[in-house]
Amino acid sequence: DGGITQSPKYLFRKEGQNVTLSCEQNLNHDAMYWYRQDPGQGLRLIYYSQIVNDFQKGDIAEGYSVSREKKESFPLTVTSAQKNPTAFYLCASRLVGLNEQFFGPGTRLTVL
Amino acid sequence: GQQVMQIPQYQHVQEGEDFTTYCNSSTTLSNIQWYKQRPGGHPVFLIQLVKSGEVKKQKRLTFQFGEAKKNSSLHITATQTTDVGTYFCAGNVPGSSNTGKLIFGQGTTLQVKP
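Heads up: the protein sequence lines correspond to chains A and B, in order.
Our numbering puts the first residue of the first sequence at 175, with every later residue one more than the last.
Our numbering puts the first residue of the second sequence at 4, with every later residue one more than the last.
Because the hints were derived from the structure by calculation, they are not lab data.
Below, a list of computed lysine to any residue pairs in the SDA-like style, where the Cα atoms sit at most 25 Å apart:
1) A:K183 / B:T85
2) A:K244 / B:T102
3) B:K39 / A:F262
4) B:K104 / A:L201
5) B:K39 / A:N202
6) A:K231 / A:L185
Just chain A, same shape as in the assembly:
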């Protein structure tokens, strides 16, 4: 059963702690993306990666970091430097050559 998985669905952390959100896909897609969604706003791009061991900053990369050591995995770390980390985080992937993006179920992060 192919798709994108994100875990956990809900995540709570104390202020000042780093937290890593997982994203795994078995669609054999080369490109992967991380978005942040806030109420009443569209999706804003945090980071993206087109191939293994390479990634680029999106529009709101400050306070976040990523790695792409495997094609299937693109974890996002929300660092303590992110001033307003509470949000819904969505991971997506795309087959290079097509424009359609496939989204995971998302992780809702709450920083207390």
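Starting from the known structure of chain A, arrange chain B on it as the hints suggest.
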């Protein structure tokens, strides 16, 4: 910077009424995509339009891409409660097809009263 504005932000309709959401880009787009996000869910791809003036239909949904490739609309005929959700438009600017970077509109949240 490049922006895609989407209106209205919210729309409440009675079941059976029609619904339209509009997207306007500050720059010419190479394509426009539409996604639907159900409450508590994630965005799901609906369709892509590429050609100037293109119109596509999916059952009760009609999608249009403007002649200048800067605006788009989604029209739902005779809404049903299953249409509830947030509809996003998203576009690639010319030259971004390699990266796949999309510019998303803010979304229109549709509520349907049975």
